[in-house]
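Here the protein sequences come in this chain order: E and F. Residues 1 to 269, numbered by the working numbering, are exactly what the first sequence covers, in order. Residues 1 to 67, numbered by the working numbering, are exactly what the second sequence covers, in order.
Treat the hints as calculated values from the structure; they're not laboratory data. Every residue gets a Cβ at the ideal spot worked out from N, C-alpha and C, and that includes glycine. Among the clues, some could well be false.
[As the list claims (entries may be wrong)] Reference excerpt, derived from the structure (chain E facing chain F, CB under 8 angstroms, subset only):
| id | residue |
| --- | --- |
| 1 | Pro30 |
| 2 | Arg40 |
| 3 | Leu51 |
| 4 | Gln54 |
| 5 | Phe64 |
| 6 | Glu97 |
| 7 | Thr101 |
| 8 | Asn102 |
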Amino acid sequence: MTKHIEGNNTWQIGGKTLSSRLLIGSALYPSPANMEDAIRISGAQIVTVSLRRQAAGEGKGNPFWDIIKSLGIEVLPNTAGSHSAKEAITTAQMAREVFGTNWVKLEVIGDQYNLQPDPFETVKAAEVLVKEGFEVFPYTTDDLVVAKRLADVGCKIIMPWGSMIGSGKGLMNPDNLMAIRKQFPELQLVVDAGIGKPSHAAQAMELGYDGVLLNSAIALAQDPVKMADAFRLAVEAGRLGYEAGVMKEREFASPSTPTVGTPFWHQFN
Amino acid sequence: MIKVSVNGEVKELEENLNVDQMIEALEYKVKGFAVAVNTTFVPIAKYDKTIIKEGDTIDILAPVQGG
Chain E
1 MTKHIEGNNT
11 WQIGGKTLSS
21 RLLIGSALYP
31 SPANMEDAIR
41 ISGAQIVTVS
51 LRRQAAGEGK
61 GNPFWDIIKS
71 LGIEVLPNTA
81 GSHSAKEAIT
91 TAQMAREVFG
101 TNWVKLEVIG
111 DQYNLQPDPF
121 ETVKAAEVLV
131 KEGFEVFPYT
141 TDDLVVAKRL
151 ADVGCKIIMP
161 WGSMIGSGKG
171 LMNPDNLMAI
181 RKQFPELQLV
191 VDAGIGKPSH
201 AAQAMELGYD
211 GVLLNSAIAL
221 AQDPVKMADA
231 FRLAVEAGRL
241 GYEAGVMKER
251 EFASPSTPTV
261 GTPFWHQFN
Chain F
1 MIKVSVNGEV
11 KELEENLNVD
21 QMIEALEYKV
31 KGFAVAVNTT
41 FVPIAKYDKT
51 IIKEGDTIDI
61 LAPVQGG
């Protein structure tokens, strides 16, 4: 009987030991019930959430937060919407109190058109937050030097983008992502943003990334729950492929069927 | 009375309210929130000592979906 080979089943991030390498967002789903089902079937053990203004009279409860709590998985609050280190730091501090975690997905946007992270403000905020005891998950570009600066200020996790947030374009610069992986074997690296298809997630994992964070690719699929399952499998497949060791590319064709004993070949003279 | 901005809207409050009293006066009922005054976080432990002043900008944030 064939037995499935399981990869290195657990990994460490932010002081936690987890088995799933898929980090999932909680936004943009067709309904709260659909979000809940998708998150559950994805097997993700980290879900991203946010903080926003809400009018004073908007009911006493918070059904969204009740669902997230009922999932029993790690919560990763983001600082989405921040345009300066100061805004991001304040949001992180507020999130720590509301969500009861020192984890923060640091997101400081530098351009409204492509939502590209501002590397200068991100590093500035990361330095302060690390000193304040936060476990910082910085969202950044695939720039090696920015990753280095984030590591220099104490980040143990770096989250380079695959491509623009919500674009679904996949990994625009796999070589850049690979360079970061090679430069920082000791850091936890997560591709965050731009993933559109399960194959994109598998590709990120095959590069040796420790995890993949995505939201739109699942929430905006025609069937988010089925897509969540697809991403669960893709992340597992990509990781297994990485652990198994991908063959080296060759410049020329090389037959896979043995040439010895090839029929209908006869030597004359 | 003083005028302050709460979550982007102008509100009138009694003078010398602390953050606890401000939340009560605003009848803010959303469960689980955090407060910033003039973009500086105010932890729960400092609610009673933080007095709201004329022209303050107050943000009260609660959990929502995020990516």
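Comparing the hints with the structure gives:
1. Interface hint status for Pro30 of chain E: violated, as the beta-carbon distance to the closest one in chain F is roughly 12 angstroms, over 8 angstroms.
2. For Arg40 of chain E, the suggested interface contact is broken, since its CB lies about 16 angstroms from the closest CB of chain F, more than 8 angstroms.
3. About 4 angstroms separates the beta-carbon of Leu51 of chain E from the nearest beta-carbon of chain F, less than 8 angstroms, and the hint is met.
4. Proximity of Gln54 of chain E to chain F holds as hinted, the smallest CB-CB distance being about 5 angstroms (cut-off 8 angstroms).
5. Given hint, Phe64 of chain E at the interface with chain F, holds; its Cβ is 6 angstroms from that chain's nearest Cβ, closer than 8 angstroms.
6. Taking 8 angstroms as the C-beta contact cut-off toward chain F, the hint placing Glu97 of chain E at the interface holds, the least distance being around 5 angstroms.
7. The restraint placing Thr101 of chain E at the interface with chain F is violated, with a minimum CB-CB distance near 12 angstroms, outside the 8 angstroms limit.
8. Against a cut-off of 8 angstroms between C-beta atoms, the interface hint on Asn102 of chain E is violated, since the closest Cβ of chain F lies about 14 angstroms away.
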